[in-house]
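When the letters of the sequence shown are read in order and numbered with this note's numbering, they come out as residues 9 to 360.
Some hints here could point you the wrong way.
[Unchecked claim] Only pairs whose alpha carbons sit at most 25 Å apart, straight line, appear in this in silico DMTMM-like list of lysine to aspartate or glutamate:
no.: 1; residue 1: Lys303; residue 2: Glu359
no.: 2; residue 1: Lys255; residue 2: Asp329
no.: 3; residue 1: Lys54; residue 2: Asp77
no.: 4; residue 1: Lys232; residue 2: Glu208
no.: 5; residue 1: Lys124; residue 2: Asp60
no.: 6; residue 1: Lys207; residue 2: Asp329
no.: 7; residue 1: Lys298; residue 2: Glu286
no.: 8; residue 1: Lys253; residue 2: Glu208
no.: 9; residue 1: Lys103; residue 2: Glu315
Rather than coming from a laboratory, the hints here were simulated on the basis of the structure.
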Amino acid sequence: MNVKRIISFLLLFILLFSNSFTSSSHANGLNSEEKDEYTLETIYLKDIEVYDDVLEFIKENNFEDEIADLSKQSNSNSFEKTLSKHGVDEETERKLVEKYGLEKPEREERQASNQKVMIQRNLTTNGIDGIIAIRLDVDDTWVELDLVHLQTGVRPIQRITGLVTQFNLSGSDWRIGQTKSVDRSSVRSGNFFSWKISKEAVSDYFEYDLRVTENNVTQRFDNKGDRDEAHQRYNFEVDTYKNLKPKGGQRHHLVSAKALDDAGFNSGNAPCIRMMAEDHYNTPNYGGNKSFRDKELNYLQNEQYEELLQFEVDALKDAEDSEGRYRNLQRKYYDAIIEALAQYHDYFGIEV
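Kindly generate the complete structure, drawing on both the sequences and the hints.
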């Protein structure tokens, strides 16, 4: 009787253990199936046409408009911000533009976009789960990072960390300015980083160096070394030579200092434009251009001030933009030239 009970107990124990093991194995199998493996691959948006599976994902999920908007914004971001606004009233501006035939700033051609996107690939399904992009937006006051997350679900990005760095132009060199760290978790589409930063140099631009973590996979995402024009700011201003700070650039007399001094004017009180150094070197009255300054002096001695200013404007229309972004320096410094012309009218005592 005792033997039968012992045998029954052993059989029951074996049966229960077997069921428990089977259930546990089945559960573990489900967990292993849930843990898909992913990779993150970074490509330039301009190269997306060579990735057939990416194009198919975009088309199947109707993301064409989002990709087009991303490309458009990365190419044309903040064109208006790049030129310092002048302090001249609209009527005076209209008269000066008409009198001196000023041409509005238009770039000779757009540079190719440096916008990148990150492709999230599911190694288990051998498909694409999403496209990730981070856009850097820059204006006169703010630097912002926006996440564009194109996927069929609404899962946020696990984590984004890194650094945003300002570079200030000093002479011909770009030097590190201020930096600000980035550390955000559960990041959804839209703005996730804002930095209020003033312009302290004649020009500055911004780089980001980020690490994007999604499904415990981390990938670098950056724009280092690109110096995209959409991420650059200009700080062109006008004041008298003695009051204007170069801020890493140079002070350009619209009418050369030597010609003014030789004609009996005080060049220290003459209006100047803060320019990038390489642009200043391209101005017609810079350095040893004696024949040009002789013509300036002749206009000054004959009190032909408007003719002199027209001479200067026309010369800047033939001066090359050192960055190759504008057709000439007159277009690049359009707003500053308007303000300088207005101040020179006061300086010479003539009406607009």
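Against the structure, the hints come out as follows:
The suggested pairing of Lys303 with Glu359 holds, with an alpha-carbon distance near 23 Å, which does not exceed 25 Å. Simply put, Lys255 and Asp329 have alpha-carbon atoms about 19 Å apart, close enough for the 25 Å limit, and the pair holds. With a C-alpha separation of about 13 Å, the suggested pairing of Lys54 with Asp77 holds against the 25 Å cut-off. At most 25 Å may separate the alpha-carbon atoms for a hinted pair to count; Lys232 and Glu208 meet this at roughly 21 Å.
This hinted pair checks out: Lys124 and Asp60 have alpha carbons roughly 17 Å apart, not beyond 25 Å. A C-alpha spacing of about 21 Å is found between Lys207 and Asp329, which places the hinted pair at or below 25 Å, so the restraint holds. For the hint pairing Lys298 with Glu286, the CA-to-CA distance comes to about 20 Å; that is within 25 Å, so the pair holds. For a cut-off of 25 Å, the pair hint linking Lys253 to Glu208 stands: about 10 Å separates their Cα positions.
With a C-alpha separation of about 15 Å, the suggested pairing of Lys103 with Glu315 holds against the 25 Å cut-off.
Checked against the numbered hints listed earlier, the structure breaks none of them; every hint is satisfied.
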